[in-house]
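There are 2 protein chains.
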Amino acid sequence: MSTPDLPAPGSTERTRVRRIPEKAVTDRSVLHTVLDAGLVAHVAVVDDGQPYVVPVAYARDGERVLFHGSTGSRLFRALAEGSPTCFTVTLLDGLVLARSAFESSMHYRGAMVLGTCTVLEGDDKDDALRIISDHLLPGRWDDIREPSKKELAATLMLALPLDEVSVKISASDPDDDPQDVDRPVWGGVVPIREVFGEPRPDERGAAYPVPEYVKAWTR
Amino acid sequence: MSTPDLPAPGSTERTRVRRIPEKAVTDRSVLHTVLDAGLVAHVAVVDDGQPYVVPVAYARDGERVLFHGSTGSRLFRALAEGSPTCFTVTLLDGLVLARSAFESSMHYRGAMVLGTCTVLEGDDKDDALRIISDHLLPGRWDDIREPSKKELAATLMLALPLDEVSVKISASDPDDDPQDVDRPVWGGVVPIREVFGEPRPDERGAAYPVPEYVKAWTR
Chain A
96 MSTPDLPAPG STERTRVRRI PEKAVTDRSV LHTVLDAGLV AHVAVVDDGQ
146 PYVVPVAYAR DGERVLFHGS TGSRLFRALA EGSPTCFTVT LLDGLVLARS
196 AFESSMHYRG AMVLGTCTVL EGDDKDDALR IISDHLLPGR WDDIREPSKK
246 ELAATLMLAL PLDEVSVKIS ASDPDDDPQD VDRPVWGGVV PIREVFGEPR
296 PDERGAAYPV PEYVKAWTR
Chain B
96 MSTPDLPAPG STERTRVRRI PEKAVTDRSV LHTVLDAGLV AHVAVVDDGQ
146 PYVVPVAYAR DGERVLFHGS TGSRLFRALA EGSPTCFTVT LLDGLVLARS
196 AFESSMHYRG AMVLGTCTVL EGDDKDDALR IISDHLLPGR WDDIREPSKK
246 ELAATLMLAL PLDEVSVKIS ASDPDDDPQD VDRPVWGGVV PIREVFGEPR
296 PDERGAAYPV PEYVKAWTR
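Keeping their order, the protein sequence lines are chains A and B.
Using the numbering used here, the letters of the first sequence correspond one by one to residues 96 to 314.
Using the numbering used here, the letters of the second sequence correspond one by one to residues 96 to 314.
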């Protein structure tokens, strides 16, 4: 997919990073990298003035993100009907141990997308399911049964364009106040990362070897 | 803090788990366990009909959660003024590899809190800062400088009661359709967990040993 002429992250009034603007990133390739590194996003829906935030599995597809829910979900139906949403991905990368409580913080990479979703149907919906599977479970699709008509009918597939976005990255050493720098205590960063544990077969799965594509997964 | 007479998770119309209700949990002690295991929550604020979802560091304090933001943040000021919010914590525990695309899913523990925040001031605010530090960076508080008056003035400390909540846990083996159970392919769960990496001192931190409390941290 060629890159369309889209605005830079943080370039609208609603997405401009006001707090700690030096952490804002305006490069769209960084937006893509952050979205591609995540597995779960937090999506908001407003119902009668009350916001709800639900986790969703997702994938980036060019200049949009794809995620799905149940046609039985009131919140997903609201998104399908064009209710404004916010789609946020946060990757926690570490704890920042400064010499003061105020400067203690976290390393993270975060992306926020504002907009309204469109519903995908037909071939677009089929393609989207495969794209999400390939992102979350690379290599798995060819080993499993594709969705039936009934299963497809129970699934709402949504696409949200990456039109109005912000990206924020915190990856620096502690930013200690001059009065604190000589405090005689360790300071620095304790990294955090996600790792995969040993694959655990279910009862029937134990009869088969762990697939090579699963062994290749890393976080 | 004694446990007040609070409703069970999922017991209001707004928090009843409709989708896959067998994953719903109504035990408040599980709510506490999930909240205590997380470091970051996703909090929603609605502004002019548009929801925003931002990540926050937080801690549970009895039957409420505490989190803070900047007094300079429009979204945090809206929360301070009583704008309805949703506070969601999601812990991703694994990938569930079923024999169909439809049943492929994730292991997770999730909590959602609805309500409005109150602003903490004075001693309550001081206590809350320490409680959050003790949750995220246990043992650190006594080594670092406490917040100055100016720093406190720049910090909005919010408390959200655990009055209206839902808890959902997905921890089962693949729930394959009868037509798929004999498909000749590995199935099971690939666990995911967060781990701490080797603490990395900054320039001045290298002169001191890594504190024992940091070495004791595990995820």
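One should not assume that every hint holds.
Each pair may be met inside one copy or between any two copies, as identical chains are not told apart.
Listed below are the simulated DSS-like cross-link pairs for lysine-lysine, each with C-alpha atoms no more than 27 angstroms apart in a straight line [stated by the list, open to error]:
| id | residue 1 | residue 2 |
| --- | --- | --- |
| 1 | K244 | K118 |
| 2 | K245 | K118 |
| 3 | K245 | K220 |
| 4 | K244 | K220 |
| 5 | K310 | K245 |
| 6 | K310 | K244 |
Read the hints as simulated data drawn from the structure, not as lab findings.
As the structure is a computational prediction, the values presented were derived from the model and not from experiment.
Hints and how they fare:
Taking CA atoms no more than 27 angstroms apart as the test, K244 paired with K118 passes between copies only; the shortest distance there is 25 angstroms, against 46 angstroms inside one copy. Taking the shortest Cα distances, K245 and K118 sit within 27 angstroms of each other only across copies (22 angstroms), while inside one copy they are farther apart (46 angstroms). Taking the shortest Cα distances, K245 and K220 sit within 27 angstroms of each other inside one copy (14 angstroms), while across copies they are farther apart (53 angstroms). Only within a single protomer do K244 and K220 lie at most 27 angstroms apart by alpha-carbon distance; the minimum there is 12 angstroms, versus 55 angstroms between protomers.
For the identical chains of this complex, K310 and K245 are neighbours neither inside a copy (32 angstroms) nor across copies (52 angstroms), given an alpha-carbon limit of 27 angstroms. For a Cα distance limit of 27 angstroms, the shortest separation of K310 from K244 qualifies neither inside one copy, at 32 angstroms, nor across copies, at 53 angstroms.
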